[in-house]
Amino acid sequence: MISAYILIMIQPGKTDKAIKEMRRIDNVAKISIIAGEYDIVVRAQVKNLEELLAVTDDIQMIEGVTKTTTQIIEKEISLQ
Amino acid sequence: MIIRKKYLFYILAITSSFIAAAVTAIDSYVGGQPAFKYDPWAFAFSLFFVGAIITMIITMVLSIPLRGSSLGAKLLDPSFKRIRFVQKKEIKTHLIAGIMNAINTIGYCAIISQVQDPSVILSFSQIVILYLLLMESITDKDVPTLVEVQSSVIVTFGAILASISLTGEFLLVPILIVFLVVNPTWAIFSIYQRKLKLMKIRNRPNDSLNIRFWNVVFSCLFTAIILFFYDFFFSQQHLVSGVLSSLDPHYFILLAATMGTTFISYVLYIRALGMWKASVNNAIRASTIIFAIPFSLLMLHLGLLTEFSTDPVMLVIKIMGMILIVMGIVSFALTLVKAYIFITVKPGYRLKDTMNKLWDIRGVSHVTVTGGKYDFIVKVSTRTLLKGYERIIRRLDEIDGIKKYHWESVLKDWEKI
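Line order of the protein sequences matches chains A and B.
Each residue of the first sequence is one higher than the one before, counting from 287 in the numbering used here.
Each residue of the second sequence is one higher than the one before, counting from 77 in the numbering used here.
Heads up, some of the hints might be wrong.
Subject to a maximum C-alpha distance of 35 Å in a straight line, what follows is the list of computed DSBU-like cross-link-like pairs (lysine-lysine) [stated by the list, open to error]:
1) B:K276 / B:K422
2) B:K394 / B:K428
3) B:K394 / A:K316
4) B:K394 / A:K333
5) A:K333 / B:K113
6) A:K303 / B:K433
7) B:K492 / B:K433
8) A:K316 / B:K113
9) B:K492 / A:K303
10) A:K361 / B:K479
11) A:K361 / B:K394
12) B:K449 / A:K361
13) B:K414 / B:K168
14) A:K353 / B:K168
15) B:K81 / B:K164
16) B:K164 / B:K150
17) B:K433 / B:K488
18) B:K276 / B:K113
19) B:K480 / A:K333
20) A:K361 / B:K276
21) B:K463 / A:K333
22) B:K492 / B:K479
23) B:K480 / B:K463
Label pairs and their calculated CB-CB ranges [claimed, not checked]:
24) B:I399 / A:I363: 16 to 22 Å
25) B:T91 / A:L339: 17 to 23 Å
26) B:L376 / A:E349: 22 to 28 Å
Just so you know, these hints were derived from the structure itself, not from any lab.
Even for Gly, the Cβ is constructed at its ideal location relative to N, Cα and C.
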């Protein structure tokens, strides 16, 4: 299983609609609206890089998304 | 389905409390049966004995495969695959949780056997929330903040007021049993159930159905051992009486009904424990007292209960207690700040060392090493931004290997369930 964070920049005023569409994408495990350099962080959980490509592709097709940066998780420690 | 994690947590915790309230009503009816009324020890053993059997049957039914997963995964916990044996890494934690649950139940029975109306005494068991706060501040890296302490105290006192009954006796020994046996064992039990839920079994999150099933099995085993020695030294017959009552078809059905309902309540509670601290979970669990009222009224209507206080003073005290519980729970929910910190590191520093230093910071819930623009993405939770600065940012500044970081506050989030 491969996990990745996709950091997304959105055009002003398009966040709510974009979130609505992201919630429908397969393999999206978590979506957070954030305040800072980026506007949204998506955590994707996929079986292979092919599926990750499909997730980023779907996100980039959403109206208002101006830039995505994908960070593949190599190692993780978490409370949950 | 992707929903807000906060909502999922409250749905799980409050549904669990609601079902627990139903269990309390069924328990009071079953406990009043002739075989158990004057022998709470036999009742405790029978609950676990029949509970182990019925829990195994339910878990096996929920293991039926369904569209790529299992019935249990669809209905109760997505992490559940099928009933399984305890794994080596879980055994120690299960043994501790089992023995704590057994001692807790025995302590509860000891109180019931000494006091006719134990409600005055048992209302002090709500102080367990404060025990948990203390234990978590020692064992976890997450020291409670002032808001958590305030909210917990509000819920605790609210729960005491809402559950108190002035008709009972106030005796020293049962009170000591609550403070020295019932509360500490429940607190340790909750912490170890959470530990189990946070474990990864075969690279998957541990599931609450198997955790509950094995907890009932171990609790049954330890209760039997404790009762065996008790009976042996005091020439009693509680264990035999418990086994015989369990085998009676009438009692078996009643015990199976109460333990089957308890199973669902605990599965949801354990899932909620995996999402937030045991102290917060137990604070929300105090809402059981509020949910118990409609069930008590229903039992009264059906003639299964004979007493229900309608004294105006008592009602006012109880309403005050309920308001405090709700206020405490709401203040828990509204005061949590979450953030991502994106970090780049300097060359010449091992990522593993920096990862461990980041993990040691209080409030850090996830540390991920990532490939791409950033070397680390860290997720943090704090009660206030000031604490975030004092506890997290200051500590980040002290880590040599960090070249640059930036904090991005989470405004709203959703999670797949």
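- prompt: Which earlier hints turn out false for this structure, listed by number in ascending order?
  reply: Hints 2, 3, 4, 5, 6, 8, 11, 14, 18, 21, 24, 25, 26 are the ones this structure does not satisfy, whereas the remaining hints hold.
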